[in-house]
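Engineer: Once you have looked at the hints, place chain B on chain A.
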Amino acid sequence: MKITQHATETTLTLALNGELDASSSVLLDNELSKPEILRTQKVLIDCQQLNYISSAGLGVFISHLQTFQDANVKLVFFNMQEKVRNVFEILGLDSLMTIVPSEADAAAV
Amino acid sequence: MAVLRKPFSLLGVVALLSWLALLAAALLYAHPGLGGVSLSPPAGLILVLQALFTGIVFLYERKSPERLRGVDFIGLLQRLLLGPALLAVGSVGLHQLLQMLLPGSINGSVLHTVLYTLNVGLFVLLLARTNYAWRALMMFRGSERLQRQWVAFELLLGATLLLRLLPYAPPAAISAAVLGVLAAFGAYLSGRQKWVAYLSRRQKLEAVLLQLAIIGVMGIFVVYFLDTRLGFRLVGPAPQNAFLLLNAFFASFYALMGLLVTLFNLPTAGVFEQKREEILTMQRLTQLIQRGQTTDEVYQMFFDSAIQTTGANAAWLHVEATDEADNHDLYYQLTADQGSAISRTLAEFNLGNLEYFNNDLSSGSFSRLKLPFGSLMVMPLSSSKRQYGNIYLLQEPVQAFDRESLSILQTFASQTVLSIENLQLIQASMRTQRVQDELKIASAVQDSLIPKNLPIDNWFEISSYAVAATEVGGDFYDFLHLPGRRLAVLIGDVSGKGVTAAFHVAQMKGIFHALMQENPLARNDREKYPVPSQFMTQANDALGRCLEKSAFITASLYIIDYEHGGFVFARAGHCHTLYYHSIKEEVSYFQTPGLGLGIIRHDGYEKHIKNQFYDYNPGDVMVIYTDGIVEARDAAQEEYTEERLQRMLEESYYLDAEQIKAHILADLHEFTRGQPMHDDQTLLVIKFRSTQPGAGL
Numbered sequence: 001m002k003i004t005q006h007a008t009e010t011t012l013t014l015a016l017n018g019e020l021d022a023s024s025s026v027l028l029d030n031e032l033s034k035p036e037i038l039r040t041q042k043v044l045i046d047c048q049q050l051n052y053i054s055s056a057g058l059g060v061f062i063s064h065l066q067t068f069q070d071a072n073v074k075l076v077f078f079n080m081q082e083k084v085r086n087v088f089e090i091l092g093l094d095s096l097m098t099i100v101p102s103e104a105d106a107a108a109v
Numbered sequence: 001m002a003v004l005r006k007p008f009s010l011l012g013v014v015a016l017l018s019w020l021a022l023l024a025a026a027l028l029y030a031h032p033g034l035g036g037v038s039l040s041p042p043a044g045l046i047l048v049l050q051a052l053f054t055g056i057v058f059l060y061e062r063k064s065p066e067r068l069r070g071v072d073f074i075g076l077l078q079r080l081l082l083g084p085a086l087l088a089v090g091s092v093g094l095h096q097l098l099q100m101l102l103p104g105s106i107n108g109s110v111l112h113t114v115l116y117t118l119n120v121g122l123f124v125l126l127l128a129r130t131n132y133a134w135r136a137l138m139m140f141r142g143s144e145r146l147q148r149q150w151v152a153f154e155l156l157l158g159a160t161l162l163l164r165l166l167p168y169a170p171p172a173a174i175s176a177a178v179l180g181v182l183a184a185f186g187a188y189l190s191g192r193q194k195w196v197a198y199l200s201r202r203q204k205l206e207a208v209l210l211q212l213a214i215i216g217v218m219g220i221f222v223v224y225f226l227d228t229r230l231g232f233r234l235v236g237p238a239p240q241n242a243f244l245l246l247n248a249f250f251a252s253f254y255a256l257m258g259l260l261v262t263l264f265n266l267p268t269a270g271v272f273e274q275k276r277e278e279i280l281t282m283q284r285l286t287q288l289i290q291r292g293q294t295t296d297e298v299y300q301m302f303f304d305s306a307i308q309t310t311g312a313n314a315a316w317l318h319v320e321a322t323d324e325a326d327n328h329d330l331y332y333q334l335t336a337d338q339g340s341a342i343s344r345t346l347a348e349f350n351l352g353n354l355e356y357f358n359n360d361l362s363s364g365s366f367s368r369l370k371l372p373f374g375s376l377m378v379m380p381l382s383s384s385k386r387q388y389g390n391i392y393l394l395q396e397p398v399q400a401f402d403r404e405s406l407s408i409l410q411t412f413a414s415q416t417v418l419s420i421e422n423l424q425l426i427q428a429s430m431r432t433q434r435v436q437d438e439l440k441i442a443s444a445v446q447d448s449l450i451p452k453n454l455p456i457d458n459w460f461e462i463s464s465y466a467v468a469a470t471e472v473g474g475d476f477y478d479f480l481h482l483p484g485r486r487l488a489v490l491i492g493d494v495s496g497k498g499v500t501a502a503f504h505v506a507q508m509k510g511i512f513h514a515l516m517q518e519n520p521l522a523r524n525d526r527e528k529y530p531v532p533s534q535f536m537t538q539a540n541d542a543l544g545r546c547l548e549k550s551a552f553i554t555a556s557l558y559i560i561d562y563e564h565g566g567f568v569f570a571r572a573g574h575c576h577t578l579y580y581h582s583i584k585e586e587v588s589y590f591q592t593p594g595l596g597l598g599i600i601r602h603d604g605y606e607k608h609i610k611n612q613f614y615d616y617n618p619g620d621v622m623v624i625y626t627d628g629i630v631e632a633r634d635a636a637q638e639e640y641t642e643e644r645l646q647r648m649l650e651e652s653y654y655l656d657a658e659q660i661k662a663h664i665l666a667d668l669h670e671f672t673r674g675q676p677m678h679d680d681q682t683l684l685v686i687k688f689r690s691t692q693p694g695a696g697l
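Line by line, the protein sequences give chains A and B. FYI, the numbering for the first sequence is 1 to 109, going by the UniProt record's numbering. FYI, the numbering for the second sequence is 1 to 697, going by the UniProt record's numbering.
No lab work stands behind these hints, which were simulated from the structure alone. We put the beta carbon where it would ideally sit given N, CA and C, even for glycine. Treat the hints loosely; a few may be bogus.
[As the list claims (entries may be wrong)] Label pairs and their computed distance ranges (CB to CB): (1) A:Lys34 - B:Asn327: 12 to 22 Å; (2) B:Ala321 - A:Ser33: 27 to 37 Å; (3) A:Lys83 - B:Gly352: 24 to 34 Å; (4) B:Cys546 - A:Ser33: 19 to 29 Å.
[Unchecked claim] Computed cross-link-like contacts, DSS-like style, restricted to lysine-lysine with a CA-CA straight-line distance of at most 30 Å: (5) B:Lys63 - B:Lys275; (6) B:Lys607 - A:Lys83; (7) B:Lys509 - B:Lys440; (8) A:Lys74 - B:Lys549; (9) A:Lys83 - B:Lys194; (10) B:Lys549 - A:Lys34; (11) A:Lys42 - B:Lys607; (12) A:Lys74 - B:Lys63; (13) B:Lys440 - A:Lys83; (14) B:Lys549 - A:Lys2; (15) B:Lys194 - A:Lys42; (16) A:Lys74 - B:Lys610; (17) B:Lys63 - A:Lys83.
[What the hints assert, rightly or not] Sample of chain A residues facing chain B (criterion: CB under 8 Å; computed from the structure): (18) Ser55; (19) Gly59; (20) Val60; (21) Ile90; (22) Leu91; (23) Ser95; (24) Leu96; (25) Met97; (26) Ser102; (27) Ala104; (28) Ala107.
In isolation and in its complexed conformation, chain A is listed as follows (with noise of 0.2 Å):
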């Protein structure tokens, strides 16, 4: 699992490349638990090479989930393989988060 960072002064976008399991999903929960996250507007997950995600990788969304609620930041998921939004959807968290098809579309939100 690698994650790349890009902020811009708005905007914080996390590439995910490769599986976010159990041990994986550690690191994404340290960059998601940054205090400084919660001053960003939009939080963009670029998700084209996020090939798997189990339920730990789910478990850190849904935790920080009503944290960036309340502050107000946008969690936006864009580029979702099909697999893996199957996921999304089963769980029925389509309709908690946002998921576009493209960054352009995301930077839309």
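Structural biologist: Same frame as chain A, now just chain B:
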């Protein structure tokens, strides 16, 4: 006398008899006509009798049980000296005393002959005893070869006994040569003094004294026999008494050699003892682990041994604090303040945790500490993994420590670290064992939560399969019969694995049984039990208060009403239900929305959950499962997928529930062959029957 102590010993009795015969012959020879017997035996007979007696005594001693007990060399020497040697010397002393008191009258008397013969007997016995004691010492840790050499020596000495029986005296040169060779052999054997090395310093001193005494006793006999020359010569000429002479020579020479070896060993005795002590300390340190001792005891042992072997006047063992223990520091004649002052001074010079010795504390930086000690030695207790602590040893004199003591201490330290790490390994493995045992219990408890008896009715068939990837799993399913020919079926999956997940499984089952109770306030039958979406909302509420933030549960609840031939279900983030519609002859997934439990913890969950009603037809098949099935991977890390599961049902929908399950599992196992199981797998197949004989419609 051994001969008297063991009257039943045949050899002892024969020895005594032969001595009596010798006495009789001596008396008759020295005092012709004594007691009216006019028979005078030839001198040769006395010699033969004496040889016979000597031979028997030596045989007797040879056959006696081993006198050396373990490594009690001093005891052996003491018994020899206080037993036969003292007796013989006492007897000689008595004879001399009588000669002094009664000059003239005793010489040539019967008493004189008796005493003399008695002394000869005692001397022979002493020689035999001494030589066999020497044999025991010589054979201590001796080789097979030495054993053979000794037997040869015995045989050769035995042969010299026969010299007495020669009718003529051999030429002096030959006798001297034979004697010389045998004496040399004895001298060679006297070099075998391995036992000396096993004596402590004190024992060596005792051994020197005892050996001196034995040489002294031999000397007394030589003087005695030289002094007391009788008409009949029991001792000498040399060839006839070669055996006794050689034995006396060997007895004395071995004692002399032993004495010298012991003497030369005395200066090094301390070093030997120290080495022995070090080895013993090592053994004790090692044995501490085997006896299952604590690290505290290992530290104490190390501390005591270090003080003892280095002769330190004061010491401090500083043990690095770990989270599980407070303070293990040990002090000996030193205050904590002095100790920390020393360690601070060392730290100033970056010498903390290093091997170090300083033999002059009165100068340099240590002088300002004003310690009442002249020398300091420090040894760290450390392994490649971590630092355990330091030992500080102090001595009053300056120049008290050297490289040697440092290296001994280092050996101790590494053994101690080894012991501690082994102990930790043992403790860790015991902990792991305990956790495993507890997991087994948890596994058994969880197993008891899985319904063993599937519901049986004419209307449907149910077949189930559930395997956990680890000891305790996160998958669950349960059944509950409700009044009015209804059956509630719950299936679900807790995120995460292990014991936490298992707890949530138990919790979920509790919630299921608690919520599926009849509501007494219900206005009609249909409202007595919660519909699935209500159930999920209430469950979400209950779980929201206890699930950790990143944990969630997926579940599906089905309430099958087989009186009316329909079912209602809600899917809370759980896998889609696979269904065979017999009317349409089609297999498809129910695509219903629904959010997992524990994801949103405030009000508003009910917006995310829907009920789905369906009227089933006979022959319909419902396959419900957990993601462990569809996400199972093959060797290429490809997932099993919903599509493949759907295909399996398309191939097998017409079979019994049990056979459908078997068909799916066979394919799944084929797919995952050789791969480890990543997640728990649960699969339920429910088939609605086409005929219900006797159904109460």
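Engineer: Would you mind marking each hint as holding or not holding in the structure?
Structural biologist: Hints versus structure:
Under the hint 12 to 22 Å, the C-beta atoms of A:Lys34 and B:Asn327, about 39 Å apart, miss the expected range. Take B:Ala321 and A:Ser33: their Cβ atoms lie about 31 Å apart, and the range 27 to 37 Å holds. Between A:Lys83 and B:Gly352 the Cβ separation comes to about 57 Å, which falls outside the hinted range of 24 to 34 Å. Between B:Cys546 and A:Ser33 the beta carbons are some 22 Å apart, a value that agrees with the proposed interval 19 to 29 Å.
At roughly 38 Å between alpha-carbon atoms, B:Lys63 and B:Lys275 are farther apart than 30 Å, so this suggested pair is violated. Only pairs whose Cα atoms come within 30 Å are accepted, and B:Lys607 paired with A:Lys83 is accepted, the gap being roughly 26 Å. With a CA separation close to 20 Å, the supplied pair B:Lys509 and B:Lys440 stays within the 30 Å bound. Between the alpha carbons of A:Lys74 and B:Lys549 the distance comes to roughly 19 Å, so the proposed pair stays at or under 30 Å and holds.
Proximity of A:Lys83 to B:Lys194 is assessed by CA-CA distance (about 83 Å); at most 30 Å being required, the pair is judged violated. Between B:Lys549 and A:Lys34, the direct Cα distance comes to roughly 17 Å. Compliance with the 30 Å bound is thereby established for this hinted pair. A threshold of 30 Å between alpha carbons decides the hint, and for A:Lys42 with B:Lys607 the separation of about 26 Å falls inside it, so the pair holds. Restraint check: the Cα-Cα separation between A:Lys74 and B:Lys63 comes to about 104 Å, which exceeds 30 Å; the hinted pair is violated.
Taking the CA atoms of B:Lys440 and A:Lys83, the gap is near 36 Å; set against the 30 Å cutoff, the hint is violated. The suggested pairing of B:Lys549 with A:Lys2 holds, with an alpha-carbon distance near 24 Å, which does not exceed 30 Å. For the hint linking B:Lys194 to A:Lys42, the alpha-carbon distance of about 89 Å lies beyond 30 Å, and the restraint is violated. The straight-line distance between the Cα atoms of A:Lys74 and B:Lys610 is roughly 26 Å, inside the 30 Å bound, and the hint therefore holds.
Using a Cα cut-off of 30 Å, the hinted pair B:Lys63 and A:Lys83 is violated, with the two alpha carbons roughly 95 Å apart. A hinted interface residue such as A:Ser55 counts as satisfied when its beta carbon comes closer than 8 Å to some beta carbon of chain B; here the least separation is about 4 Å, so the hint holds. With its C-beta approaching chain B no nearer than about 3 Å, A:Gly59 sits inside the 8 Å limit, and its interface hint holds. Because the smallest distance between the Cβ of A:Val60 and any Cβ of chain B comes to about 6 Å, under 8 Å, the interface hint for this residue holds.
A least Cβ separation of about 6 Å between A:Ile90 and chain B falls short of the 8 Å threshold, and the interface hint therefore holds. The criterion of a C-beta within 8 Å of any C-beta in chain B is met by A:Leu91, whose closest approach is roughly 4 Å, and the hint holds. At its closest, the beta carbon of A:Ser95 sits 6 Å from a beta carbon of chain B; the interface hint therefore holds under the 8 Å criterion. Against a cut-off of 8 Å between C-beta atoms, the interface hint on A:Leu96 holds, since the closest Cβ of chain B lies about 7 Å away.
Below 8 Å, beta-carbon pairs count as interface contacts, and A:Met97 has none with chain B, the closest being about 10 Å; its hint is therefore violated. At about 24 Å, the closest approach between the beta carbon of A:Ser102 and any beta carbon in chain B exceeds 8 Å, and the interface hint on this residue is violated. For A:Ala104, the interface hint is violated, the least distance from its beta-carbon to any beta-carbon of chain B being 27 Å, above 8 Å. Violation of the interface hint for A:Ala107 is found here, the shortest Cβ-Cβ separation to chain B being roughly 27 Å, above the 8 Å cut-off.
Against the hints set out earlier in the document, violations occur for numbers 1, 3, 5, 9, 12, 13, 15, 17, 25, 26, 27 and 28.
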